[in-house]
Amino acid sequence: MVAEEKNNQASGINSNGVIVLKNLTKKFGEKLVLDDISLSIEKGKTTVIIGPSGCGKTVLLKHLIVLLRPTSGDVYLDQQRIDNLNEDELNQVRTRYGFLFQGGALFDSISVFENIIFPITQHYKITDWGEIDALVKNKLSMVGLDGFQNFYPAKLSGGEKKRVALARAIALNPELILYDEPTTGLDPIRSDVINELILKLQKELGITSVVVTHDMTSAYKIADRIIMLHKGKILADGDADYIRNHPHPVVQQFIHGQIDDEDLLILQSGETTSPSQFVSQNSKK
Amino acid sequence: MTVTNAINGLDNLGQFARFVFRSIAASVESCRKSATYPLIWAQMNIIGVHSVPIVMVTGAFVGMILAIQAYDQLAAFGAEEHLGVLINISVVKELGPVLAAVMLAGRIGGALTAELGTMKVTEQIDAIKSMGTDPVKYLVAPRVLACLLLTPFLIIFADLLGIIGGYFVSVIHLGINSRAYWTFSASGVELWDVAIGVIKGFFFGAAIAAISCYKGFTCKEGAHGVGQACTEAFVASFISILALDFALAVFFKAIYNTFWPIKALI
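Order-wise, the sequence lines are chains A and B.
If you're matching positions, the first sequence starts at 54 in the numbering used here and goes up one per residue.
If you're matching positions, the second sequence starts at 78 in the numbering used here and goes up one per residue.
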């Protein structure tokens, strides 16, 4: 099975990937987070990275835009190596990306309008504010939040923050969008709104998307390809059907959201204590 | 363990030096780009204008306390009319600049570290990078420039109120002759003394901003991480202010001693 995944990855790297990772390893101190990962992200497709919490999904995503630099290995964007560029050169490269952060990462001291125009003001000299107003209106309409221009992030719900952050991520019309857990913390309906937005951006604008999630409903809906990370390595790589029928027990356990036998045993062997029992066993302050 | 600590300390120092170098480069570039001026004005308002009242109160108390404490010593040998020299030279040369800077390290340094630290833990700094903007240029340069340019002005406010506070207690409360107070003050305090205090402000301001921004940028996760970064920023700023004050005192004394013999010619 491991050999099969390696073949699968190798074929991916040989393809014309827009982003290619070669033998990427990342350590934080002594902790190995990503272990010799090689993969290629295909242009115009939605690649979903799944895996249990703490397996290195977000770290991998941040390497795709070089927000983190690898301990060893290379990152290529359109055949150009980008992990060794200096910050000024990287800033030019990063204008091709949009990044949706897990918590939105909206600037809380400025309004929704100012958040969305932030990347534009950083790279263009604005002369026609009417055009900018129309652009912000258009981006907010795409995420269903037109009219929220003068709101501050603190006044928005979690789902609204994520949608505003998505509007900001697409402000510069990026070719690639990286989504870090876009549906986490949202109710199923809001999650589906985000899923539809990702699909819409891919279909209408041909945007290449990489989505990190552990929401399998979302993964099956939006993915052209699903990659499962486990302990810093790629455990499975293929389309939704391939992942659904993957024989590896860890993959099956993850996609069905099942507790593993060891944890179950620990839970069942531990005694539960009611609050009244607890109080009777411990003196109150 | 000691070796590891020493290596970590050196590593930290090296990273801070690189951060300072990047901040200086970004600040110089910001000065040449008019597009960044609104960011600098905004920080000047927060850092400078809003600090004026607290710095003035600090200065006033410094002057008043000096008058109360020094009066008895001078009066013991009938030299109370020289009180003005002692108060004013202490205020403009040392206590005004240092205590104003310490107050700013608490007020501004803490706020800068907390603001940037919170931005770091909520991934706002990563968001700035992801949009192709250098966070050092966008966040650090305006703050460094605002601190660097306005701390000397805040020190002038502290000096002014220190002088007024000292005068108020000496003349109104302790009954020293006003004319004698000012005459002795004028003869004892030179423009050089005032200038030294104000020049120190540039160094103190730059140190407070650089340390506070660095601590914010390198802050650890969570509320505890932000709190710890604020504490470390204040302690490091405070020590730096005292160390810089000592180094500058030595430096200016050497300059003064060099040029004093030819002062009349200048």
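One thing to keep in mind: the hints can contain errors.
Heads up, simulated SDA-like pairs for lysine to any residue below, C-alpha to C-alpha not over 20 angstroms straight-line [unchecked claim]: (1) A:K178 with B:Q92; (2) A:K178 with B:I84; (3) A:K178 with B:D211; (4) A:K178 with B:N85; (5) B:K110 with A:K286; (6) A:K253 with A:K284; (7) A:K80 with A:K284; (8) B:K297 with A:T180; (9) A:K84 with B:S167; (10) B:K110 with A:Q175; (11) A:K178 with B:C108; (12) A:K178 with B:S167; (13) B:K110 with A:K75; (14) A:K178 with A:Q145; (15) A:K80 with B:I84; (16) B:K297 with B:D203; (17) A:K84 with B:S111; (18) B:K330 with B:D211; (19) A:K75 with A:G156; (20) A:K80 with B:E298; (21) A:K274 with A:K286; (22) A:K80 with B:Q92; (23) A:K96 with A:K253; (24) A:K208 with B:T195; (25) B:K110 with A:G97; (26) B:K297 with A:K274; (27) A:K253 with A:E95; (28) A:K286 with A:T180; (29) B:K110 with A:M195; (30) A:K274 with A:G323; (31) A:K178 with B:D203; (32) A:K253 with A:T124; (33) A:K253 with A:T180; (34) B:K297 with A:G107; (35) A:K96 with A:Q255; (36) A:K256 with A:R278; (37) A:K98 with A:K284; (38) A:K256 with A:K286; (39) A:K256 with A:Q175.
Since the hints were made in silico from the structure, they are not lab data.
Checked hints:
{"no.": "1", "hint": "A:K178 with B:Q92", "verdict": "violated (33 angstroms)"}
{"no.": "2", "hint": "A:K178 with B:I84", "verdict": "violated (45 angstroms)"}
{"no.": "3", "hint": "A:K178 with B:D211", "verdict": "holds (17 angstroms)"}
{"no.": "4", "hint": "A:K178 with B:N85", "verdict": "violated (43 angstroms)"}
{"no.": "5", "hint": "B:K110 with A:K286", "verdict": "violated (46 angstroms)"}
{"no.": "6", "hint": "A:K253 with A:K284", "verdict": "violated (33 angstroms)"}
{"no.": "7", "hint": "A:K80 with A:K284", "verdict": "holds (12 angstroms)"}
{"no.": "8", "hint": "B:K297 with A:T180", "verdict": "violated (40 angstroms)"}
{"no.": "9", "hint": "A:K84 with B:S167", "verdict": "violated (54 angstroms)"}
{"no.": "10", "hint": "B:K110 with A:Q175", "verdict": "holds (12 angstroms)"}
{"no.": "11", "hint": "A:K178 with B:C108", "verdict": "holds (17 angstroms)"}
{"no.": "12", "hint": "A:K178 with B:S167", "verdict": "violated (50 angstroms)"}
{"no.": "13", "hint": "B:K110 with A:K75", "verdict": "violated (39 angstroms)"}
{"no.": "14", "hint": "A:K178 with A:Q145", "verdict": "holds (16 angstroms)"}
{"no.": "15", "hint": "A:K80 with B:I84", "verdict": "holds (19 angstroms)"}
{"no.": "16", "hint": "B:K297 with B:D203", "verdict": "holds (14 angstroms)"}
{"no.": "17", "hint": "A:K84 with B:S111", "verdict": "violated (45 angstroms)"}
{"no.": "18", "hint": "B:K330 with B:D211", "verdict": "violated (41 angstroms)"}
{"no.": "19", "hint": "A:K75 with A:G156", "verdict": "violated (29 angstroms)"}
{"no.": "20", "hint": "A:K80 with B:E298", "verdict": "holds (18 angstroms)"}
{"no.": "21", "hint": "A:K274 with A:K286", "verdict": "violated (24 angstroms)"}
{"no.": "22", "hint": "A:K80 with B:Q92", "verdict": "holds (19 angstroms)"}
{"no.": "23", "hint": "A:K96 with A:K253", "verdict": "holds (16 angstroms)"}
{"no.": "24", "hint": "A:K208 with B:T195", "verdict": "holds (18 angstroms)"}
{"no.": "25", "hint": "B:K110 with A:G97", "verdict": "violated (38 angstroms)"}
{"no.": "26", "hint": "B:K297 with A:K274", "verdict": "violated (36 angstroms)"}
{"no.": "27", "hint": "A:K253 with A:E95", "verdict": "holds (18 angstroms)"}
{"no.": "28", "hint": "A:K286 with A:T180", "verdict": "violated (49 angstroms)"}
{"no.": "29", "hint": "B:K110 with A:M195", "verdict": "violated (34 angstroms)"}
{"no.": "30", "hint": "A:K274 with A:G323", "verdict": "violated (38 angstroms)"}
{"no.": "31", "hint": "A:K178 with B:D203", "verdict": "violated (23 angstroms)"}
{"no.": "32", "hint": "A:K253 with A:T124", "verdict": "violated (36 angstroms)"}
{"no.": "33", "hint": "A:K253 with A:T180", "verdict": "violated (30 angstroms)"}
{"no.": "34", "hint": "B:K297 with A:G107", "verdict": "holds (17 angstroms)"}
{"no.": "35", "hint": "A:K96 with A:Q255", "verdict": "holds (10 angstroms)"}
{"no.": "36", "hint": "A:K256 with A:R278", "verdict": "holds (15 angstroms)"}
{"no.": "37", "hint": "A:K98 with A:K284", "verdict": "violated (25 angstroms)"}
{"no.": "38", "hint": "A:K256 with A:K286", "verdict": "violated (30 angstroms)"}
{"no.": "39", "hint": "A:K256 with A:Q175", "verdict": "violated (28 angstroms)"}
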